Structures are given as C-alpha cells and as structure tokens.
Amino acid sequence: MDEQEHGPLAGFTVGVTAARRADELIALLRRRGAAVVHGPALRIVPLADDTELLAATKELIGHAPDVVVATTAIGFRGWVEAADGWGYGEELLAVLRDVELLARGPKVKGAVRAAGLTESWSPSSESMAEVLDRLLAEGVDGRRIALQLHGEPLPGFVEALTAGGAQVVGVPVYRWMPPEDVGPLDRLLDAVIGRALDAVTFTSAPAAASLFSRAGERGVRTGLVSALRHDVLAVCVGPVTALPLQAEGIDTYQPERFRLGPLVQVLCKELPARTQVLPVAGHRVELRGHAVLVDGVLRPVPPAGMALLGLLARRPGWVVSRADLLRALPGAGRDEHAVETAMARLRAALGTPKLIQTVVKRGYRLALDPSADEKYDG
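Here the sequence shown is numbered in our numbering, starting from 2 and rising by one per residue.
Don't take every hint at face value.
[Stated by the list, open to error] Pairs of lysine-lysine, DSBU-like flavour, derived with a Cα cap of 35 Å:
1) Lys270 with Lys362
2) Lys108 with Lys59
3) Lys59 with Lys110
[As the list claims (entries may be wrong)] Here are the simulated distance ranges between beta carbons:
4) Gly111 with Gly262: 24 to 30 Å
5) Gly117 with Glu271: 15 to 21 Å
6) Gly262 with Ser125: 16 to 22 Å
7) Glu92 with Gly262: 21 to 27 Å
8) Glu341 with Glu181: 30 to 36 Å
9) Gly184 with Asp252: 28 to 34 Å
10) Gly166 with Gly111: 41 to 47 Å
11) Pro179 with Glu341: 43 to 49 Å
12) His64 with Thr276: 51 to 57 Å
13) Pro185 with Glu131: 29 to 35 Å
14) Arg316 with Gln168: 31 to 37 Å
Since the hints were made in silico from the structure, they are not lab data.
This structure is a prediction, so every number in the text was calculated from the model and none was measured.
Glycine included, each C-beta is placed from N, C-alpha and C at the ideal position.
All chains, full assembly: derive it from the sequences and hints.
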C-alpha cells in the first residue's frame with residue numbers, strides 16, 4: 002500500500018463525538034485518509050446554576066493553588082465578575098496575584114490584564130498542548146493546579162497532569178449539555194449500531210456518557226454496547242475519558258500521550274492491523290471498512306458489495322451460495338437476481354473481475370491462490 006498516496010486510514014470510517022476541537026480532530030483524520038461521521042455528544046453553555054463555580058472559588062480562596070491556567074477570555078472575565086458579585090472579587094484577585102498564572106493566548110492575556118493582573122507566561126502558539134508541555138517540564142508532582150474549564154474537558158489535559166502527580170481543581174464556568182440538535186448524534190449512533198463505522202473517538206468522559214444516555218432514550222443501548230464490545234473500535238484520549246466505556250465492559254484503546262495527535266496515531270496503527278489480507282488470483286487484497294486495497298490501489302466499494310465480499314472472505318476459497326449471499330445483502334428481498342446485480346457492481350468496483358469466481362449452479366467464491374489453500378483450509 003502506498004501510505005503517502007492514500008494514508009493509513011484510507012478505506013476506514015471513524016466517528017467523532019467531540020464538540021470542542023472537533024474540526025482539528027476531523028482534519029487530522031481526513032489528512033490520513035479516513036472518512037468521518039461527526040455527531041457532537043455535547044454542547045457547551047454558560048453555567049446557569051453557579052453553585053459549582055462559587056464552591057470552586059471559595060475553595061481556591063481558602064487554599065490557594067500553585068498554578069492557575071486561564072483558558073478563555075470570556076470564561077476568565079465571567080469568573081472574576083461572578084466572584085465580584087458574590088463579594089469575593091478582591092479575595093480572588095489577591096490569590097491570583099500570588100500564584101503562577103498561565104494565560105492561553107492574547108485574548109486571555111487581555112482579560113487577565115483587564116482584571117489588574119499580570120500573567121506569568123503565555124504560549125506563542127495559543128495551544129493548550131504547549132501549556133501542558135511547560136507544566137510537565139516544570140514538574141507537577143504534588144502541585145495544586147486550578148484549571149478554568151472550557152466546557153467540554155480539554156482532551157487529555159487533566160489526565161496528563163493527574164498522571165504526573167498533580168491535584169487538579171476544575172473551575173467550571175460552563176456546563177455540558179446534550180446537543181440542541183440530536184440529529185447528527187443519532188446518525189452517529191445508528192452508524193455504530195449498524196457497524197458502518199470502524200471506530201469511534203472520545204475526547205471526554207461526559208461525551209461518552211452522553212452517547213450512552215441518548216442510546217438509552219432511544220432504546221438501543223444494548224445494541225450500542227454490543228457494537229462497541231465486538232466490532233467498532235473505541236479509542237479514547239486518556240484513562241479518565243475511557244471510564245464510562247470500561248464500566249460497560251468495552252475494551253478501549255488509548256495513546257501514551259493524552260493528545261489528539263497520538264490518539265489519531267493509535268487509529269493509524271490499530272485499524273490496519275485488524276484488516277483481513279488475502280492472496281487472491283495473483284493479487285494482494287486487503288478488506289477495509291468501506292473500501293478494498295487491491296495491490297495497494299484503493300477501491301471504494303458500495304455497502305452491498307462490502308457485505309458480499311465480507312461473507313466470501315469468512316471462508317476464503319469456499320463456495321458461498323446465492324441464498325446465503327442474498328441474506329447478507331442489506332435490505333434485500335427474496336430475488337436472487339439482486340445478488341447477481343450486486344456482484345456485478347462489486348467486480349466493477351474492484352477493477353479485477355477474476356478475483357471472484359462464479360461456480361455454476363452453486364454460487365461464488367474468492368479465487369484464492371492455490372499456494373494459500375492449505376493456510377485457509379483449517
């Protein structure tokens with residue numbers, strides 16, 4: 002396979018549940034060849050009930066942290082304004098003056114300075130990854146770090162700090178809510194249950210919990226769990242994100258570094274490793290989610306064709322009857338002519354008709370190379 006031409010994820014379809022930074026993750030996946038189904042499992046709204054924010058503010062005033070990370074200008078301003086409204090504004094500002102105050106980007110720096118404070122440091126990239134790198138390089142073991150949350154948790158940020166020995170105090174200026182339009186989430190859910198996806202990515206525990214909650218509302222939770230346990234790869238940005246899935250008995254895959262880039266690299270490794278590769282009629286045939294690689298050439302195949310090819314590949318070289326193939330066709334009726342039509346389209350899509358042999362009055366078989374017969378007979 003020419004990885005540079007097609008990308009390691011070519012032929013695979015990946016689901017994305019993220020709301021925050023979804024565009025970045027989708028771009029990374031598509032750059033590596035994947036098709037993407039995006040169904041945000043959450044939306045981010047300002048904290049209507051500020052009890053949690055008040056509690057976090059009191060906690061930090063009573064027990065000052067070592068570091069405060071300000072992530073958004075609107076969130077930081079909202080926090081200071083809320084504290085001022087409760088009569089704790091001066092006390093909060095006094096705490097913030099005496100700690101290491103990190104501001105992600107120029108807008109946040111502006112909000113920090115407007116409050117009469119000075120940031121200790123701000124990354125030139127406006128990247129939380131750079132903020133994380135700085136904190137880990139300084140050493141976080143035993144340190145207390147207050148993190149002004151965006152809404153949906155920052156992918157892998159808290160996990161990495163916790164793994165390094167830090168105590169992380171979240172400052173919740175936003176709340177996670179179900180999406181206003183559940184249509185995209187429902188389409189993603191249907192795709193998982195229908196095994197139309199090869200993998201689903203999760204960048205926060207609340208997003209995973211929201212997916213299960215929506216499945217429960219629709220009465221398809223059992224189907225979702227079954228698909229993720231057996232057929233659809235669940236890839237999480239870190240161990241905290243994985244907890245709702247593991248509670249359902251679902252195996253998860255995670256990168257060693259809790260970032261979006263390494264998460265995509267896990268997919269690039271795991272999905273191709275799960276494919277079936279067969280020597281057929283002198284060609285190397287690799288079955289992927291919605292495409293086939295024939296001698297390294299990517300051949301997109303319609304769902305009906307993939308269903309037929311998948312059944313033929315379960316017992317390579319063995320004859321499969323038209324009746325069995327008909328049952329494998331999605332939405333097929335009782336007319337075996339549908340098999341012939343789908344088979345003709347499959348052969349055309351593969352570009353090499355001789356890969357599949359017609360066995361008169363019996364059905365069809367993959368033209369497995371004779372030298373491979375012994376390998377697959379057992």
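Looking back at the numbered hints, which does the structure fail to meet, lowest number first? Structure breaks hints 1, 5, 7, 8, 10 and 14.
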